[in-house]
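**Student:** Now for the letters of each chain:
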Amino acid sequence: MADTRLEETGVQGMTITRAGERPAGGQGELLTVNFGPQHPSTHGVLRLVVDLDGEVIRGVRPVIGYLHTGIEKQMEALRWQQGVVVTDRHDYLSPPINNLAYALAVEKLMGVEVPPRAQALRVIMSELTRIASHLVWLGTSALELGAMGVFMYAFRDRDKILAMNEEISGYRMHTSYIRPGGVMADATPRFLEMLETFIRQMPSNIDEYEDLLTNNPIWVARTRGIGRLPAQDAIRLGATGPMLRGSGVSWDLRKDRPYCGYDRYDWQVAVEDGCDCYARYLVRIREMRQSVRILRQAVDGLPGGPVNVDDRKFLPPPREELDTSMEAVIHHFKLFTEGYSPPPGDVYVAVESGRGENGCYIVSDGTHKPRRVKFRSASFVNLQALEFMAIGHMISDFIAIIGTADTVLGDVDR
Amino acid sequence: MTTPVKLPEGILDQGAIAGDEYVTVPRDRLRATLEALKAQGYESYVFMTCVDHLATPVVERPPERFELVYQLRNMRTHHELRVRVFVPEDDARMPSVHDLYGPANWDERETWDMFGIVFEGHPNLTRILMPDDWVGHPLRRDYPVGGEPVDFSEDHETWQTAPPEA
Numbered sequence: 001m002a003d004t005r006l007e008e009t010g011v012q013g014m015t016i017t018r019a020g021e022r023p024a025g026g027q028g029e030l031l032t033v034n035f036g037p038q039h040p041s042t043h044g045v046l047r048l049v050v051d052l053d054g055e056v057i058r059g060v061r062p063v064i065g066y067l068h069t070g071i072e073k074q075m076e077a078l079r080w081q082q083g084v085v086v087t088d089r090h091d092y093l094s095p096p097i098n099n100l101a102y103a104l105a106v107e108k109l110m111g112v113e114v115p116p117r118a119q120a121l122r123v124i125m126s127e128l129t130r131i132a133s134h135l136v137w138l139g140t141s142a143l144e145l146g147a148m149g150v151f152m153y154a155f156r157d158r159d160k161i162l163a164m165n166e167e168i169s170g171y172r173m174h175t176s177y178i179r180p181g182g183v184m185a186d187a188t189p190r191f192l193e194m195l196e197t198f199i200r201q202m203p204s205n206i207d208e209y210e211d212l213l214t215n216n217p218i219w220v221a222r223t224r225g226i227g228r229l230p231a232q233d234a235i236r237l238g239a240t241g242p243m244l245r246g247s248g249v250s251w252d253l254r255k256d257r258p259y260c261g262y263d264r265y266d267w268q269v270a271v272e273d274g275c276d277c278y279a280r281y282l283v284r285i286r287e288m289r290q291s292v293r294i295l296r297q298a299v300d301g302l303p304g305g306p307v308n309v310d311d312r313k314f315l316p317p318p319r320e321e322l323d324t325s326m327e328a329v330i331h332h333f334k335l336f337t338e339g340y341s342p343p344p345g346d347v348y349v350a351v352e353s354g355r356g357e358n359g360c361y362i363v364s365d366g367t368h369k370p371r372r373v374k375f376r377s378a379s380f381v382n383l384q385a386l387e388f389m390a391i392g393h394m395i396s397d398f399i400a401i402i403g404t405a406d407t408v409l410g411d412v413d414r
Numbered sequence: 001m002t003t004p005v006k007l008p009e010g011i012l013d014q015g016a017i018a019g020d021e022y023v024t025v026p027r028d029r030l031r032a033t034l035e036a037l038k039a040q041g042y043e044s045y046v047f048m049t050c051v052d053h054l055a056t057p058v059v060e061r062p063p064e065r066f067e068l069v070y071q072l073r074n075m076r077t078h079h080e081l082r083v084r085v086f087v088p089e090d091d092a093r094m095p096s097v098h099d100l101y102g103p104a105n106w107d108e109r110e111t112w113d114m115f116g117i118v119f120e121g122h123p124n125l126t127r128i129l130m131p132d133d134w135v136g137h138p139l140r141r142d143y144p145v146g147g148e149p150v151d152f153s154e155d156h157e158t159w160q161t162a163p164p165e166a
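Taken in sequence, the protein lines are chains R and E. Numbering follows our numbering, in which position 129 of the first sequence is assigned residue number 129; successive positions increment by one, without gaps. Numbering follows our numbering, in which position 74 of the second sequence is assigned residue number 74; successive positions increment by one, without gaps.
Check before you lean on any hint, since a few could be wrong.
[Claimed, not checked] Computed from the model, here is a short list of chain E residues facing chain R with C-beta under 10 Å:
hint: 1; residue: 18
hint: 2; residue: 43
hint: 3; residue: 67
hint: 4; residue: 86
hint: 5; residue: 87
hint: 6; residue: 103
hint: 7; residue: 106
Since the hints were derived computationally from the structure, they do not count as laboratory data. Treat the numbers as computed from the prediction; the structure is a model and nothing was measured. Ideal Cβ placement from N, Cα and C applies to all residues, glycine included.
Assemble the whole structure, with the sequences as input and the hints as a guide.
**Tutor:** Here it is in structure tokens:
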């Protein structure tokens, strides 16, 4: 690899090195700069080797793997129902959506359909997560471009979502709430109360973000026309989520390949055709508004009934039954010693996360542990579009471009 | 199969599992199949990965140890199709498709890194997730979990270690 030949000159964090290469055009000497992996604007541990001609970017080579935790290997050593806790941890800004992809894949392979209340709760958690994930993006991206106040506002609202996560699942971040067969527990009255307040407050809070940024001349100057990604190239490079919708392609898995009853809600796909960082910002803001709209409908139409499938071969019996039923004890024992075994085969399920297509491909060999679990992560694919977006821009705009891709490095490296 | 797709010659098998449609093609027909599918609107490449069938308990044994799956999507009809290719262990080579589908570039690097499948024609087939000097391919089924000795752990001497040349 080119970057291993480079000599350090000793500035920590952002080491400037000379590659001694000349561009084909015979202009100035290219300067190769190492960006990260511990640079504050790389959203985690992303290392970028950037070729600079003066201040203009001529080439970008992302070097990833610093956050590789072998999640897919770990899944092969865990039973099907244990794998849920690991799925939380790849895209650590949207754990319930990761849970959902895995749960839907296992259910698809087993031919299980969860009850309507579980589906509505899954939608509620997915949309809350989407808002939380967009808020982190909004806060950090604005912070990197100098709008420091937005970060405080965004994290104020994100914290309300984390408090709701805690109320419903016991955990603020890694909820493991959505599981194969349903959800971990029913929504508590306090959760619904918090959610109600949140839905009431959120539209005016989103107005607040828009007041701070949408017509802010500095924000517009730093994002409009920066990081252009035309629709054809977005599809060619496999970009999904706001990266694709910001390029004018109306593609949202919730609309186009609906799951969890998303087709029953009345909402619109947020599409902007600016193809730049500003368009992607608008998409994310509009998506938050649509998420609040879905939340409103999901809460109003929240059906009653159980939150788990009634299948003793798949989920443990309720605690009360263990005291009176020998059969329940046997089922409980079997589930927690051996687990369940889906039929041999492979399925792929994709859900829309805040970053794009978050898919889960599972292969069963008929035993109680997966043969293979592959996470098709949106960040991994979207990051490949970075070089295309960055070439020709100034290094200062590179910060906006890294931010706009909204990569979570845990999701890239898995 | 309800696929309204015109498939090129040389399909070994086709069917559906839980609604997911697939076709199996021989390795030398892969590029031709993907080219034909791309021309028919399967422009969206979802993912590619490898499955290691070493010592599988499945009764209908897969023909070879490694299976590569390419998930493609037609964004107009919303139809998805999975293309499978089986690759023998002693000849783990594949033609690269990075020029057909851009995102395949990193997926192929990852599959080389994790399974040791060589993609012929790839411009930069280097490790992507593991360090450059790593030995072995961690997602192979004969590569143990805990293969990396854990420093300062009490029981590090009893940990399984990676085979010298996996």
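**Student:** Taking the hints in turn, state whether each one holds.
**Tutor:** Against the structure, the hints:
Interface hint at residue 18(E): satisfied, since its Cβ lies 5 Å from the closest Cβ of chain R, which is below the 10 Å cut-off. At a threshold of 10 Å, the smallest CB-CB gap from residue 43(E) to chain R is about 6 Å, leaving the interface hint in force. The interface hint given for residue 67(E) is met, as the beta carbon of that residue sits about 8 Å from the closest beta carbon of chain R, less than 10 Å. At a threshold of 10 Å, the smallest CB-CB gap from residue 86(E) to chain R is about 13 Å, leaving the interface hint violated.
For residue 87(E), the interface hint is violated, the least distance from its beta-carbon to any beta-carbon of chain R being 15 Å, above 10 Å. Interface hint at residue 103(E): satisfied, since its Cβ lies 3 Å from the closest Cβ of chain R, which is below the 10 Å cut-off. Evaluation of the residue 106(E) hint against chain R yields a held restraint, the C-beta minimum of about 6 Å falling below 10 Å.
The structure shown violates the earlier hints numbered 4 and 5.
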